[in-house]
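Student: With the hints as constraints, model all of the structure from the sequences given.
4 protein chains.
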Amino acid sequence: MVGHSFMGAAHSQAWRSAGRFFDLPLAPVMQVLGGRDEARTAAAAARLGWNQHVTDWPELVHREDVDVVDICTPGDSHAEIAIAALAAGKHVLCEKPLANSVAEAEEMTRAAEEAAQRGVRAMVGFTYRRVPAIALARKLVADGRLGTVRHVRAQYLQDWIADPEAPLSWRLQKERAGSGSLGDIGAHVIDLAQYITGDAITEVSGHLETFVKERPLAAEHAGLSGTASQERGEVTVDDAAMFLARFASGAAGVFEATRFATGRKNAIRIEVNGSLGSLAFDFEDMNVLQFFDATLADEEAGFRRILVTEPTHPYVAAWWPPGHGLGYEHGFTHQVVDLVTAIADGTQPTPTFADGLQIQRVLDAVETSSATRTWQEITA
Amino acid sequence: MVGHSFMGAAHSQAWRSAGRFFDLPLAPVMQVLGGRDEARTAAAAARLGWNQHVTDWPELVHREDVDVVDICTPGDSHAEIAIAALAAGKHVLCEKPLANSVAEAEEMTRAAEEAAQRGVRAMVGFTYRRVPAIALARKLVADGRLGTVRHVRAQYLQDWIADPEAPLSWRLQKERAGSGSLGDIGAHVIDLAQYITGDAITEVSGHLETFVKERPLAAEHAGLSGTASQERGEVTVDDAAMFLARFASGAAGVFEATRFATGRKNAIRIEVNGSLGSLAFDFEDMNVLQFFDATLADEEAGFRRILVTEPTHPYVAAWWPPGHGLGYEHGFTHQVVDLVTAIADGTQPTPTFADGLQIQRVLDAVETSSATRTWQEITA
Amino acid sequence: MVGHSFMGAAHSQAWRSAGRFFDLPLAPVMQVLGGRDEARTAAAAARLGWNQHVTDWPELVHREDVDVVDICTPGDSHAEIAIAALAAGKHVLCEKPLANSVAEAEEMTRAAEEAAQRGVRAMVGFTYRRVPAIALARKLVADGRLGTVRHVRAQYLQDWIADPEAPLSWRLQKERAGSGSLGDIGAHVIDLAQYITGDAITEVSGHLETFVKERPLAAEHAGLSGTASQERGEVTVDDAAMFLARFASGAAGVFEATRFATGRKNAIRIEVNGSLGSLAFDFEDMNVLQFFDATLADEEAGFRRILVTEPTHPYVAAWWPPGHGLGYEHGFTHQVVDLVTAIADGTQPTPTFADGLQIQRVLDAVETSSATRTWQEITA
Amino acid sequence: MVGHSFMGAAHSQAWRSAGRFFDLPLAPVMQVLGGRDEARTAAAAARLGWNQHVTDWPELVHREDVDVVDICTPGDSHAEIAIAALAAGKHVLCEKPLANSVAEAEEMTRAAEEAAQRGVRAMVGFTYRRVPAIALARKLVADGRLGTVRHVRAQYLQDWIADPEAPLSWRLQKERAGSGSLGDIGAHVIDLAQYITGDAITEVSGHLETFVKERPLAAEHAGLSGTASQERGEVTVDDAAMFLARFASGAAGVFEATRFATGRKNAIRIEVNGSLGSLAFDFEDMNVLQFFDATLADEEAGFRRILVTEPTHPYVAAWWPPGHGLGYEHGFTHQVVDLVTAIADGTQPTPTFADGLQIQRVLDAVETSSATRTWQEITA
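Residue numbers (numbering that gives the first Met the number 0), protein chains in the order written: chain A, 0 to 379; chain B, 0 to 379; chain C, 0 to 379; chain D, 0 to 379.
I should point out that these hints are in silico values taken from the structure, not numbers from a laboratory.
Warning: the hint list may mix true and false statements.
Okay, the calculated beta carbon distance ranges per label pair [to be verified]:
1. A/376 <-> C/320: 50 to 60 Å
2. B/173 <-> D/116: 47 to 57 Å
3. A/25 <-> B/141: 51 to 61 Å
4. D/317 <-> A/310: 25 to 35 Å
5. C/367 <-> D/317: 53 to 63 Å
Simulated coverage check for chain D against chain A, where a stretch passes if three residues somewhere in it have a Cβ under 8 Å from a Cβ of chain A [unchecked claim]:
6. 11-17
7. 43-54
8. 262-268
9. 323-335
Here a beta-carbon is modelled for each residue, glycine too, at the ideal position from N, C-alpha and C.
Tutor: What follows is the structure, encoded as structure tokens:
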């Protein structure tokens, strides 16, 4: 695994736990952790439970005792590491977004398709797909329970920079982060909307907004220690992204991603309305899927709060009895299960790098649309 | 109508509105309002829309231009007025609780049964039965959708005297109010539980609690004007009432009524669990009934939030389109509709005085049980 | 009052009830109802409680015993009736949308402004403003409790034509209805968003969608009686409308109005995020306002479910005790109260016709934007 | 660790994870798993991640490489194992309920108190205390935010035997399980109620109900294989338990535990009303605590939905960013953290065996009360 902060911790817990609850066809060994700084990487390896550590990722991707490379670094290094690992014959799990640009994503997708010829697998980490309630949502749509889908309304709402005095972190600088809320969290709801509906966005009208143009530099940037910085720097990414969308099927979408929705902490909300029914989900109540079945008599129809904790629900049988909910990191465990199973079975895990590339194209079209004030088509 | 405060206002709006939305077989005329004080009764009649007013209720119950007597006074005058009105051949609608004692309620029930022989109708005003969501709940149970009922948990939660410095109103004095939360609000959930399930409570173990034993006298009692009273008086009724219950069917009930549930304003909550399904209701979201249908596959079962605003729902077709909810006073309008229809049809409206008497017996058993610390049976 | 269907019934109940609960400075008399068909108008007058009726609206607007003309007809007759009434010196309450076009609305606004010089008042009926929870929302924003507003997300979701076999009513024909979901329900959420924030939309990117292009003709159109029509007609209005918006303050808006949101019956939802707090409302739970106060410690901050039924809440003191909720039609009663009070006080009631005109301009810009696939500014 | 089914899996995940997220003063090693059957214990040790296994628990409690004995067996073996382990100088974590009888619990408590003299620690596993929302609830009460507590209403609702044809498992036989819903799940809400309020139950009136007196024997009991058994056996424990309670402070409690609440899967609900505020919790939405602060102005007071995922909340800083919820098993991890910390610090972890004994006495009083139909005091 390369990278050891927020995503590194989540992925480590997943690698550690998957085989304890699921019958895996292969037994993962947490062999080597890659990082940049020797001391911090060593400490992380000890804490997160990796046998060894390196500070040189090329070494990691070429080691014989490594079969899978799990990339948890920021987006600007994804392409280089993933392409090298695939070339070295290692299966790759790459955190989302696939890359910071369409061009990189295209290159990665070509590498993945070439590797697939050799039986080497590549997968991108849109983990929320593996929340049981989301997997159930997809199943209900696929089973025709919603009929023809008409509307998708999807929001990813956070509030961690709603305070204009929150410091200018690297996530607010375009050269490092690629984009702001759009790529960081908007990408997730694009993936979920397309995954649940089995449909693809074909056209968008977008609007990116940066509400707070300047922020205090974090102490690390300001060269100050121990005192609050008076210096300010420019915010060069979007604070919020909104877009209208059309899907291939003719369904209409409304999307929003923001870090300024005061009081919403990780509100991934998606509602889908079809001719026969509707679904609604909010990650802040992640073990629940709301389902309206319009084929019931009006007298007794209503949104049902399905507690997605039954053994018949996706992934749930491996865990606890009904009503004993799962948490955020369980989606990562399910990702490991699906990846390891695909590797053992010689099948292609999803979402593929091509799926990641298509999402990158949607993100790109939203940015272009916002700049040109016109609708943009998503083209392959 | 006799009485013109809170209940008088609600009843007046009901008499005024019923014929505007429902096809009534008879057209009610708001003829005479009865009160004690000339000036206040005159003002109330003008405000509430009554043609005339009197300060002598016996006059009212004997007038030729009066067909129905609607009793909205405190409980200690119900028996006298109702019995006189029935004797005079007037149909009677009597606010709940039917009376302040079992003995009075028995006398009233005898009078009602005797009057029924002469085609004169008597009905007691447990209005919450006529909230559409409650009427739907009863229908679902009656239709067998819950199977065998196992549990009833019912709460009536308010908080208006949670502050120990709230003054000693007449409602907190036994000689005037009869009982505290038990009779005032507990009676409602007893009625709802029995109405929805179609079952009767046969045995109780109760506990009455008076948390605040003394309160400041209201200015009127203390003979002070303009200054906060230092004088205190004893609270002689229960602040809260709780009881366990067994029903004739073997179902188990847990009941609670309190004016000390801080933050709960008028939370009439009832949940019923049966072998095939469950229902849940909370008056603070009065247009909604929650229904769990256990005959659905586990994968998709969940409590459904039925918005009880469809034309197929009880009483709703007369009102607004789906999603346009009703309010507190609509139950009173439905009560007028049902009463007038029964009078015109020559049928017996419900709940009858006998129903009111049975509830009085449950209240009485709870009090006795609390005093004796043993279970008490409800006997006819 | 002119018109006697859905809105006529709601307005009648409001005129009848306002003085029974509120201290009105003037006592409304329900004098004349105007309609087209003699028999139906007579029946409606009897049912809704009007003293007289006419089938000739010009007669109504010139009668000496008429002081206020309440226009509840479809949008295509608003301009003519309102302008005539104002010219005749009658105060006017006009249902929304103000008109079917910007041009008509401009003419009406000129007439209203001219009439105002003579002390004659004109008001447009965006009734949802007068739901207590909405009035409280505006107050909280005006009091600065949200700080700088960043986001508005507003939806008006219904589902009454989600079934593609629902018949082609006049509301789905452009020549009669003007527009579809956009003007009928979208206008409401535009008004609410601007009212609550005290801000104005200045720019939009819109998308109108007609999912079902043809529908069975209703029997009345097909010349058939008693049998289901096989004939189909074209739907010439939008089924759904979505738009992104920018406000004068720099806040970002996302709006959606649809009649295809299966399971959503009258879900008027509005969420506002500001630098200090957030608000959320859903008309399907109309007595509740959700409020997040970000100035509290993180440890105890959360969206609060304010039950807007306290005497300190707007309009509520006239009604029932805490926890005893109001229903759909109460907003109309509050509208009567505010209008009558303004007339008596000689002040201008709001929303004015100029407010209605501005909303018409937003609607117009959304339509143009949808047609041109570009952003449109709202210009005066 | 002794025992390897449901609780064994949860405890194993906790021992494995605690040190990965929290800074533990000691590093737990998962050394030996004890079970009865060699093959099944070996498989469980491999799956759950224990280094060795034994089928002889006395061996386990005397091994030199064992410092802590974690008892996850059924209640009838708790006393014997715990007392032996404490005598052998091992720290003990014992699953709840502490024992199947008051006598056993007393003996265990004496052993624990004697061991404490020698610095050997004993703790009982009421894990739900360590859900962050529950720990926050306790803190708010302890900080005085609720004022004087008046009401506790606590329910533990499940539905896994609502179907009368569900088989007769050992959990429904008194000789093996001790009691039914009362001890299995009722014990949890008794602990939570006392823990959150910091108060003790002193008196109860209970009612135990067995709705379904006979059930089909499970195949294992009936000696049948592959065919549904026609044989039936008697259910000898309670299906549901309800009781009224008084607390030392004078607060009033209403408790209910049942396996017949159709649609409720693991609904641990607790509401506490005090003179200054109220709290409400439901485990089916376990990352949320509802809090009503009555010291706010009426206009803006309401139950706030605190998402208990902030770094300032108990235990949360070790985990994920705000809005990224925890699941069922995290409480077990927190239990390990607290136990290991107490052992390292030489302090007494809670709940102690004495706490477990007091709960056993409450359970015992409920049973006696149900049998005698009178109130019972809890005596030390």
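Student: Run every hint past the structure and note whether it holds.
Tutor: Hints, verified against the model:
At roughly 58 Å, the beta-carbon separation of residue 376 of chain A and residue 320 of chain C lies within the given 50 to 60 Å, and the hint holds. Taken as a hint, the range 47 to 57 Å holds for the pair residue 173 of chain B and residue 116 of chain D, whose Cβ atoms sit roughly 56 Å apart. Range check, residue 25 of chain A to residue 141 of chain B: Cβ separation about 57 Å, and the 51 to 61 Å hint holds. For the hinted restraint 25 to 35 Å between residue 317 of chain D and residue 310 of chain A, the CB-CB distance of approximately 30 Å keeps it satisfied.
As the Cβ distance of residue 367 of chain C to residue 317 of chain D is approximately 54 Å, the hint placing it in 53 to 63 Å holds. Under the rule that three or more residues need a Cβ within less than 8 Å of chain A, the assignment of the region 11-17 of chain D holds, with 4 such residues. Coverage of a stretch by a chain is defined here by at least three residues with a beta carbon nearer than 8 Å to that chain's beta carbons; for the region 43-54 of chain D and chain A the count is 3, and the condition holds. Check on the region 262-268 of chain D: 4 of its residues sit with their Cβ under 8 Å from a Cβ of chain A, so the three-residue criterion for coverage holds.
Figure legend: the region 323-335 of chain D, annotated as covered by chain A; annotation consistent (7 residues with Cβ-Cβ distances under 8 Å, at least 3 required).
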